[in-house]
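Per UniProt numbering, residue 1 is the first one in the sequence shown, and the count goes up by one each step.
Quick caveat, the hints were computed from the structure, so don't treat them as lab data. Using N, Cα and C, we set each Cβ at its ideal position, and we do this for glycine too. Misleading hints may appear alongside valid ones.
What the hints assert, rightly or not - Derived DEER-like restraints, expressed as beta-carbon distance ranges:
1. 52 / 244: 57 to 63 Å
2. 175 / 246: 36 to 42 Å
3. 209 / 285: 29 to 35 Å
4. 307 / 135: 23 to 29 Å
5. 285 / 345: 22 to 28 Å
6. 37 / 342: 42 to 48 Å
7. 152 / 196: 38 to 44 Å
8. 173 / 223: 43 to 49 Å
9. 259 / 196: 17 to 23 Å
10. 259 / 331: 54 to 60 Å
11. 305 / 150: 36 to 42 Å
12. 348 / 317: 49 to 55 Å
As the list claims (entries may be wrong) - Here are the simulated EDC-like cross-link-like pairs (lysine to aspartate or glutamate), alpha carbons at most 20 Å apart as the crow flies:
13. 79 / 331
14. 248 / 281
15. 303 / 280
16. 79 / 135
17. 248 / 280
18. 215 / 173
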Amino acid sequence: MRQVKNEARGRSAEAPVSGTGRPTLKTIAYMTGLGITTVSKALKDAPDISTATKERVKLVAKQIGYRPNRAGVRLRTGKTNVVSVIVPVEDEAMGLSTHLIYGISRHLRTTRYHLIVTPYSLTDDPLDPVRYIVETGSADGVVLSRTEPLDPRITFLRDHSMPFVTHGRTEFDFDHAYFDFDNSAYAEQAVDELAQRGRGRIALLMPPPYLTYSKYMQDGLLRGLEHHDLLEVPFHGITTDSSFDAIKTEVMRLMSGRGRPDGVVCGSAASAIATIIAAEELGLTLGREFDLAVKDSFGLMQKFRRGTIAFHEDFRATGVGLAKAIIGAIEGNDVSDLQYVTRPILLGDEMPIS
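Please model the complete structure; the sequences and the hints are all you need to start from.
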């Protein structure tokens with residue numbers, strides 16, 4: 001190993017580089033004394049190249065900062081070695097996109113694929129970023145979030161034979177790759193926990209109804225209410241996408257009435273914070289007049305208010321799962337092997353968050 005390092009240092013100053021100053025396959029070939037074809041095959045883990053040669057070539061490539069020229073790769077293979085994740089800028093309020101992207105990039109850096117992030121606003125046409133990627137051929141696969149039951153983006157991608165994976169399930173009559181959190185189980189278990197604390201009037205602050213996971217969450221809530229013979233007290237005119245002030249206003253209206261809820265299930269941490277603050281401004285105390293359950297991705301809620309019923313949804317792990325699934329979709333793996341659903345984990349007050 002030391003010999004390879006010394007070899008790389010000793011010959012790097014004389015090694016040929018591209019016109020842009022970037023190391024090329026010729027650079028590695030010169031520094032290792034191997035042929036360009038051998039270097040190329042070693043970097044691709046070709047079976048007819050020895051393990052020792054592969055390790056030697058990859059070490060030199062790493063030391064000199066070699067990166068494949070994506071334009072050249074595309075010309076030769078028709079592939080970009082790029083994965084695009086399409087995320088709404090609004091999710092940044094609680095850093096959800098950041099953690100999702102971190103997980104995706106953490107896995108992709110162990111592969112030949114690179115990540116590009118394509119942001120869009122919820123007020124824009126959701127087909128615009130998908131159409132751009134397909135028409136420009138700027139990626140080999142697409143990661144979608146905020147999935148709808150019959151999402152038109154999925155129809156478009158499928159019609160254009162573009163590999164994709166969704167963060168969430170759909171209701172199409174064909175299978176596709178996805179990675180999802182079991183929001184139905186979350187809502188049902190949240191009601192179980194509220195019932196154990198003696199709560200009988202439950203409100204759900206749900207995601208927008210046009211998103212698939214909203215239906216799952218409602219179904220889980222209804223199962224929990226029926227099992228424990230509890231009453232639903234609905235919010236009106238708000239979802240987890242609503243503004244902080246809009247949520248506060250509706251929570252204060254509902255919780256100042258005679259039949260106010262004594263248990264709340266929230267679909268996001270941001271909406272849970274708004275709910276707790278609104279209730280406290282009415283003089284209500286968490287754990288006394290009401291309890292609240294929430295999905296907590298970052299260990300924030302139990303630091304914000306102890307006594308919050310928190311279930312862990314790991315967005316970084318979700319990102320890793322999405323990355324594995326999109327690579328599998330690009331490589332043509334069986335779709336049944338690219339479908340994952342994770343279960344909610346009830347957090348204790350001292351449970352760490354990854």
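These are the hints, each one checked on the structure:
Separated by about 59 Å at the C-beta atoms, residue 52 and residue 244 satisfy the suggested range of 57 to 63 Å. A hinted range of 36 to 42 Å holds for the C-beta pair residue 175 and residue 246, which are about 38 Å apart. Take residue 209 and residue 285: their Cβ atoms lie about 31 Å apart, and the range 29 to 35 Å holds. Between residue 307 and residue 135 the Cβ separation comes to about 51 Å, which falls outside the hinted range of 23 to 29 Å.
About 27 Å separates the C-beta atoms of residue 285 and residue 345, a value consistent with the hinted range of 22 to 28 Å. Here the CB-CB span from residue 37 to residue 342 is close to 44 Å, well matched to the stated 42 to 48 Å. The hint said 38 to 44 Å for the Cβ distance between residue 152 and residue 196, and at roughly 42 Å that hint holds. Residue 173 and residue 223 have their C-beta atoms about 25 Å apart, which leaves the hinted 43 to 49 Å range violated.
As the Cβ distance of residue 259 to residue 196 is approximately 22 Å, the hint placing it in 17 to 23 Å holds. In this structure the supplied range 54 to 60 Å holds for residue 259 paired with residue 331, their Cβ-Cβ distance being about 55 Å. For residue 305 and residue 150, the Cβ-Cβ distance of about 38 Å falls inside the hinted range of 36 to 42 Å, so the restraint holds. Range check, residue 348 to residue 317: Cβ separation about 19 Å, and the 49 to 55 Å hint is violated.
Taken as a hint, the residue 79 and residue 331 pair is honoured in the structure, with Cα atoms around 11 Å apart against an allowance of 20 Å. For a cut-off of 20 Å, the pair hint linking residue 248 to residue 281 stands: about 10 Å separates their Cα positions. A hinted pair counts as satisfied when its Cα atoms are at most 20 Å apart, and residue 303 with residue 280 qualifies at roughly 16 Å. Taking the CA atoms of residue 79 and residue 135, the gap is near 14 Å; set against the 20 Å cutoff, the hint holds.
Under the criterion of a C-alpha separation no larger than 20 Å, the hint pairing residue 248 with residue 280 is consistent with the structure, at around 11 Å. A C-alpha spacing of about 17 Å is found between residue 215 and residue 173, which places the hinted pair at or below 20 Å, so the restraint holds.
Hints 4, 8 and 12, counting from the list given before, are not met by this structure.
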